Amino acid sequence: MLQIRKLPLIVFALLIVVFPWIARGVPAIANYPDLMVFAGIYCLITIGLSLLMGYAGQISLGQAAFFGIGAYVSAILTAKYGMNPWICMAIGMVAASIVAVLVGVPSLKLRGHYLAMATLAFGIIVFIIFNEEGEWTGGPDGLIGIPGLNLFGFQFNSVEKYYYLVWFFVFAVFLFTINIIQSRDGRALRAIHVSEAASSATGVNVSRYKIVVFVYSAILASLAGSLYAHYLNFINPSTFDLFFSIKLLIMIALGGMHDIWGAIIGAFLITFLSFEWLHFFEEFEIIVYGLILLVVTIFLPQGLAGIPHMIKNWLRR
Amino acid sequence: MEKITLASQLFQYLITGLTVGSIYAMVAIGFNIIYNVTEIINLAQGEFVVLGGLIMVFFHVAVGLPILIAFPATVIMVTLVGILLDRLAIRPIRQPSVLTLIIATIGASIVIRGIAMIIWGKDPFDLPAFSGRTPINLLGAVIQPQYVWVGGFLLVIVVLLTLFFEKTIIGKAMSACADNPDAASLVGINVKQMISLSFCLSAAIGAVAGIILTPIALMDYNRGAMLAVKGFGAVVLGGLGSFPGAILGGLVLGTIESFGAGLIHSGYKDAFALIALLAVLFIKPSGLLGSVEVTKIKKF
Amino acid sequence: MDEERTDTILEVNDVVMAFGGLTALINLNFQVRRGVIKAVIGPNGAGKTTLFNVITGTFPPTEGAIFFKGQSIEHLKAHEIARLGISRTFQTVELFTNMTVLENVMVGCHMRTKSSFIASGLRLSTVRRKEEHMREKAIGILKFIGLADKCNESADSLPLGERKVLEIGRALATEPTFVCLDEPAAGLNETETLAASNLIRRIKDQGVTVLLVEHDMRVVMDISDDIMVLNYGEKIAEGPPVEIQNNPRVIEAYLGGGEEYDA
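Chains as they are written, first to last, in numbering that gives the first Met the number 0: chain A, 0 to 316; chain B, 0 to 299; chain C, 0 to 262.
Source of the hints: derived by calculation from the structure; they are not laboratory data.
A hint or two may mislead.
Residues of chain A placed beyond 12 angstroms of chain B at every Cβ, according to the derived structure [claimed, not checked]:
#1 ILE28
#2 PHE242
#3 LYS246
In silico lysine-lysine, DSS-like type, Cα no more than 30 angstroms apart, as pairs [stated by the list, open to error]:
#4 B:LYS121 - A:LYS108
#5 B:LYS171 - A:LYS108
#6 C:LYS113 - A:LYS108
#7 C:LYS149 - C:LYS129
#8 C:LYS142 - C:LYS234
#9 A:LYS311 - C:LYS113
#10 C:LYS76 - A:LYS5
Given the structure is predicted, the values throughout are model-derived calculations rather than measurements.
Note that beta-carbon positions come from the ideal geometry of N, C-alpha and C, so glycine has one too.
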């Protein structure tokens, strides 16, 4: 049975809750809560992507587009029209779902390489739109003056406040997704991954499930984008380029896409690698990413989350 | 000054489009060669083109070797990279699936891109055109002599590949692998060697594309991804695995891009080819020439 | 009672299935009576699996009509046909190898339960109750097919015989009134074959109509009420086992085709 145990989840939640206090006391990691905000934002995207790619087996190389749609909808509506950020966040998610349906219905009929390239092309097209529609998006320079969030007068005006907000969302989404995985819907998704023919012969509406999970991943990416825009108060297109989609792929490949924990592990590691640990490498950063992908596909096909399983199998022999 | 008429303008777009399209066609042929033998879409295909251009810049401009030596030297270097790609990134994979192969070739392309960035930096490089840059005037359109070279090379590649696949034993063996790898290995064809060879061939063709493209459009480390996506667009347009399709697809895609950028919106230049790719995928994923009949003539 | 027995559950009218230049089924006409075991036999490449694929909606027929309980189904998608009560197994055994034995059967229970994606995500109490219900039903089916003791093993780890049985179990979990079994005894040893025959008979006893493709003639002759013979996509004979065994055209099709045949 695909059981996701509660204990690691509780431990993880406690660590997340107390971490800012620890960081306050240790100067060397004083900036980590800031990084953790980004890690949390990426987790939101990778959790959806893990469900889409790891569980349902559908490849998307254009997830940066949905991240960007959320960010730009929030940014434009709040900065230019002064609308309520929470409403904009919801509008962003609706917009992302609509785009996901429009792109997903024809794309998800495709398989393998075709699906990968269709989503890749979609991602690049959206990126070009962000650059070219300067009247709305500010073009390559981006948009400034995106307001911070506030809730019933409570201002999110510090890193720690965003930290807790973002991680609240991550946990909500994580639990929701775990429930999906352990339900009939999760089984249907995993069934589609192995055999579409057998799934539909067993009564699973394959195309509907593919669309639903694609839309779900788009909504999560959009939510992440909105949070990103409000946290940084500034966005520009380069955040949402092809390389970001690839980076998301690196995250879930490294973490392990067949396990929802892999999404979290991968998002963490790549965030800290790119913002902190690879700083010394600078130019070499990109090579490190490429090597990670190669090493993982060759030696760790199940990603880091698959290591306990590998050890178990190895011991049994 | 000569008056630019609409007709000559359109003719200009067509010529430019066909030239760029020839490059896409070469990338597409590279995709197909590997795909037909291995069923792998090598997403590092664009990197071969980039390396072709940049290594040629090194040999020809920095070292100062004459073209006739620098050209083959570059092709050989890139071919070696092709072999390494197969050996280091593809062959070690124990459970190849579409997804792992996509991830592996993306990983390899990023590594190559990173190395290229460290060696050549981020700035674009120019190469002297093969026969100077004095434009030829034809029906009011300005044609760079390099355009003629591009078209000529496409033709040469097509002729050589046709001869290779139809007249040589190795070529026939490769075709056999493409049709049925199990049967091929039963009759004593070394499938692994054929896979290596397919990577060599498509790396070499990529290198040629890069060398002849650079005098027209410059070259920098970061161009590979877009070239690969557009090359794949040409592949899909013509039908996956089909060589005539790849050429037609490349030329059509280049033309669409050129007219789109000229007549509609130059900022969306890159988007047109991708929209065309999506349109074909959504409407007729088997491509313009793709059908049961075409799979039979997928070789020249 | 007699009238009900002769009642037709599936009717195939003038079905043609062409792939490019190849015609796999040629003007096929036949009926299946409710509650029987009907076998479809024929040499390799006769079009048996294609027939299953057409009936279960893997692809629509090029021409012709198929009626299930009087309703035309040839234009429906596979999952819609499954919903109407037609279920199947695959010649190549298409289990969900990433799941346990129990989960495989629970996927079979999928379509007879309903819950929205959001309700599942929130794990509402109704969802939990349905999950429990599915589990019980799946365990019941595993008991019926004799795999209850393996319910937590990975489907991938089972030997071929049990994989075939599990696939039948998954098909039964969809609560079908009609099952298409594609070579349930292929690759099985003596004991397993006997068990499979028994299982198919017990399925029939539950009131489920069985359409069976099988090469093992002992199984076919032993359990079928009715046999149809295909050769090169055409029906060359149809009738009760005794009649088929002595039909010269059938013997010719098998012997002439160079097929090994020991009845």
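Which numbered hints does this structure break?
-> 2, 3, 4, 5, 8, 9, 10
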